[in-house]
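Engineer: In case you want the letters, here they are:
There are 2 protein chains.
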Amino acid sequence: MTLSSQPYKGTRDYFPEDKRTQNYIFNTWRNVVESFGYEEYGAPILEPIDIYAAKSGQELVNDQTYVFTDRGGRTVAIRPEMTPSISRMVAAKRQELAYPARLYSIANFMRYERPQRGREREFWQLNVDVFGVDEVTADIEIITISDKILKALGGKDGDYIIRINNRKFINFMMSQYLGLDEVQAQQMTKLFDRRNKITEQDFREQALLIFGDTTPSDERFEKITQLVTATTIDELPEELKKSTALEELRTVFEGLTKVGVTAVVFDASLMRGLDYYTGTVFEVFDTHPDNNRSLFGGGRYDGLVGLFGAEPISAVGVAPGNTMIENFLAVRGLIPEQKSLTKVYIVVIDDALGTANTVAAELRTAGINTEVDITSRKIDKKIKTASKKNIEYVLFVGANDTDTFSLKNLLSEQEQKLSVADIVARFA
Amino acid sequence: MTLSSQPYKGTRDYFPEDKRTQNYIFNTWRNVVESFGYEEYGAPILEPIDIYAAKSGQELVNDQTYVFTDRGGRTVAIRPEMTPSISRMVAAKRQELAYPARLYSIANFMRYERPQRGREREFWQLNVDVFGVDEVTADIEIITISDKILKALGGKDGDYIIRINNRKFINFMMSQYLGLDEVQAQQMTKLFDRRNKITEQDFREQALLIFGDTTPSDERFEKITQLVTATTIDELPEELKKSTALEELRTVFEGLTKVGVTAVVFDASLMRGLDYYTGTVFEVFDTHPDNNRSLFGGGRYDGLVGLFGAEPISAVGVAPGNTMIENFLAVRGLIPEQKSLTKVYIVVIDDALGTANTVAAELRTAGINTEVDITSRKIDKKIKTASKKNIEYVLFVGANDTDTFSLKNLLSEQEQKLSVADIVARFA
Chain A
1 MTLSSQPYKG TRDYFPEDKR TQNYIFNTWR NVVESFGYEE YGAPILEPID
51 IYAAKSGQEL VNDQTYVFTD RGGRTVAIRP EMTPSISRMV AAKRQELAYP
101 ARLYSIANFM RYERPQRGRE REFWQLNVDV FGVDEVTADI EIITISDKIL
151 KALGGKDGDY IIRINNRKFI NFMMSQYLGL DEVQAQQMTK LFDRRNKITE
201 QDFREQALLI FGDTTPSDER FEKITQLVTA TTIDELPEEL KKSTALEELR
251 TVFEGLTKVG VTAVVFDASL MRGLDYYTGT VFEVFDTHPD NNRSLFGGGR
301 YDGLVGLFGA EPISAVGVAP GNTMIENFLA VRGLIPEQKS LTKVYIVVID
351 DALGTANTVA AELRTAGINT EVDITSRKID KKIKTASKKN IEYVLFVGAN
401 DTDTFSLKNL LSEQEQKLSV ADIVARFA
Chain B
1 MTLSSQPYKG TRDYFPEDKR TQNYIFNTWR NVVESFGYEE YGAPILEPID
51 IYAAKSGQEL VNDQTYVFTD RGGRTVAIRP EMTPSISRMV AAKRQELAYP
101 ARLYSIANFM RYERPQRGRE REFWQLNVDV FGVDEVTADI EIITISDKIL
151 KALGGKDGDY IIRINNRKFI NFMMSQYLGL DEVQAQQMTK LFDRRNKITE
201 QDFREQALLI FGDTTPSDER FEKITQLVTA TTIDELPEEL KKSTALEELR
251 TVFEGLTKVG VTAVVFDASL MRGLDYYTGT VFEVFDTHPD NNRSLFGGGR
301 YDGLVGLFGA EPISAVGVAP GNTMIENFLA VRGLIPEQKS LTKVYIVVID
351 DALGTANTVA AELRTAGINT EVDITSRKID KKIKTASKKN IEYVLFVGAN
401 DTDTFSLKNL LSEQEQKLSV ADIVARFA
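Chains A and B are the protein sequences, given in the same order.
What the first sequence shows, in the working numbering, is residues 1 to 428, in sequence order.
What the second sequence shows, in the working numbering, is residues 1 to 428, in sequence order.
Okay, chain A solo, but in the shape it has when bound (with noise of 0.2 angstroms):
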């Protein structure tokens, strides 16, 4: 029987390139979050399915996440997303964490998509979380964060736009100035979220099936319309700007200001799917023609660690993914060049293979990466290797080189015979 060397359906094997790429996003996003004093933490890849059932939203839970029962009769999920992990760890600590609580992990999640562009069945989200901060300045640091993150990557202000709402604020919109019950605005919560995924005549006609018979259909679709078409708060009509949240969207845009970060507009459609958020909400979407969509979002969902037991505890976080970031650096021509971490290759001539050790042990003390090729293969098929690995240097080591060592730079194919402390100093 021959196996088939292809990955499961919908996930990515990562050979050393792919990797390299990978770990130079998760290196950046780990720089920045620690700039900002958050602490790594992990936590296990299976949880049980109700801590998503609570409050990740029924298409994550019903359709996306991988589910089963465990040989123990346990019914556990891999996990969707890291959120609700987060919170049960809080919860558990709660007494013993000191707050601010700035808490950040670089791990691998699930879901059971149709596997398409920048989006995969296996993908690696950063997630950035802080607990314990009631007031907005938490919202915002977050979205400057996010900020911060695109720009560490090479993104520039015109290349995204982060989208921001309130929870709160969606509220009063749906029932005070809607004037929507509990089900139609949930109806129309989930319209909103489709907008921009629909024609403007559907839009139309279901927004207006949702309200059902008590107004002119033009008076009420005009209603949504200046909802919808509003990029700053003051473009709201009058009777929305009773609500108090509107406040608080108003502090986060301003103190988003005062920190530099102006990629941001007010979007009252801005729903985000999941159950959890109680406050601000955002999305940053990408605005290049050939990536015209949402890279990634986050809000503040202080509800969450209260489910686990523990006394509620306010949180804000953000979750961007590497398949998203990788198309938003791609389009762009911003993936740097991924060169090898090795610096020099050593070709063993006849049987010196213990001098090559020797040298090479001396190399990698002074911390230079040395590879050794350990083949009985010809001279120029190890040279090749090399210059396959795109690895810039070789070294010969003969039988007869006891002191000096002839280093050879493939590119320039200048060789030149040094001392192992030459070569130290070479690459120091």
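There could be a bad hint or two in this list.
[Stated by the list, open to error] No farther apart than 27 angstroms at their CA atoms in a straight line, the calculated lysine-lysine pairs in the DSS-like style are these:
hint : chain 1 : residue 1 : chain 2 : residue 2
1    : A       : Lys378    : B       : Lys93
2    : A       : Lys388    : B       : Lys93
3    : B       : Lys93     : A       : Lys389
4    : A       : Lys9      : B       : Lys55
5    : A       : Lys417    : B       : Lys258
[Claimed, not checked] Partial list, derived from the structure: chain A residues whose beta carbon lies under 7 angstroms from chain B:
hint : residue
6    : Gly309
7    : Ala330
8    : Val331
Calculated directly from the structure, the hints in this document are not laboratory data.
C-beta atoms are modelled at their ideal positions from N, C-alpha and C, and glycine is treated no differently.
Using the hints, position chain B against chain A.
Structural biologist: Chain B only, in chain A's frame:
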């Protein structure tokens, strides 16, 4: 409904302190293998079950692997080990790769085992593999790296012993020396594998049962005793020295001596559980009385890549896991104290958040990880938070501070008025 705040049975939450220790282990692994020229790759956490069914051994597949059917009807497994995945990947890129291909990964795995100390259902492993080297130079390199990893973590020669055997020698020993047929040989292999877990009396009785009734029992058992008590090849009975596999073992031991790996011993009873090994097998044992157990192991598996429809390609690998390594370090007090990566905690006084953010941005640009307390709590609460987080320096930023700010060392209690440039210089 209250959800449990505990992780899924047998798994572990890594809070920042634990994660720092894990990262210390990961980074040490990474440095060692990259110094030998190994390049990082990544593979999916789910794989078709077939790739383990082929060669990973019945116990692992039938009892320990998390297997389930996905929403598309495919039988998939959460990877219990990496060797089949990386063999699959090498088969897929057989032509493109440069050989010797030196590959490594640090990834999470799951096995359904009874949770116990040093054994968790989710664990992390470093996988280090070299492909395309027929010579035992590869076996020597992989064992050398195993040794270097423990040394780099602070281990000393007496702390562990590397037991080495060879599958071809095992076959010779079973058939030629002990005169066992294939079924008997398999039973004997399993028995040898369990030797350290059962009494000597049980071992003897079960061994004789496998032999059946062809030779007097004392003579038969004497042959086994001679085998399992030998700690060097030279102590083996003469008739075993006809095995060509013994020459391979001898070359491995000589090679290890030359590169200074001395904590090695021959062990004819070392089997290694996995079915895919074809040559050298080895296992690293902790010698500490409180942690006297196998730490990790590896070996040569030349047949695995060929199962994926590619030409066979030789391979040698090793896979240390994080929990075993952590135990090895813990019993010796070798886990270094991991300090906070955050250097400065800014305590904002009154409404100086704007200035605080500006100062923080400047410090971050200079590479100093800086956390701003963005709550509206009292000053002493903010200082307490910094102290609880083990951050050494607190920087006070008040409404009247413009050019200089008070930097306080929480350990020495010394306080000094400094400009941002001074602070940057201090931490450079």
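Engineer: What's the verdict on B:Lys93 and A:Lys389, does the C-alpha distance respect the 27 angstroms limit or exceed it?
Structural biologist: holds (14 angstroms)
Engineer: Taking the closest Cβ pair, is A:Val331 under 7 angstroms from chain B?
Structural biologist: Hint violated; A:Val331 Cβ to chain B Cβ min 23 angstroms, cut 7 angstroms.
Engineer: Holds or violated: A:Lys417 and B:Lys258, Cα atoms, limit 27 angstroms.
Structural biologist: Between A:Lys417 and B:Lys258 the Cα gap is close to 26 angstroms, so the pair holds against 27 angstroms.
Engineer: Just to be careful, I want the Cα atoms of A:Lys388 and B:Lys93 compared with a cutoff of 27 angstroms; is the pair within it?
Structural biologist: Cα-Cα ~14 angstroms, so holds.
Engineer: So if I understand the rule, the pair passes when the alpha-carbon distance is 27 angstroms or less; does A:Lys9 with B:Lys55 pass?
Structural biologist: holds (22 angstroms)
Engineer: Does the nearest C-beta of chain B fall within a distance shorter than 7 angstroms of the C-beta of A:Gly309?
Structural biologist: Status holds, d = 4 angstroms.
Engineer: Run the distance test for A:Lys378 versus B:Lys93: straight-line Cα separation, threshold 27 angstroms.
Structural biologist: holds (23 angstroms)
Engineer: Tell me if A:Ala330 is really an interface residue toward chain B, meaning its C-beta lies closer than 7 angstroms to one of theirs.
Structural biologist: At about 18 angstroms, which exceeds the 7 angstroms cut-off, the nearest Cβ of chain B leaves the hint on A:Ala330 violated.
This entry does not satisfy hints 7, 8, going by the numbered hints stated previously.
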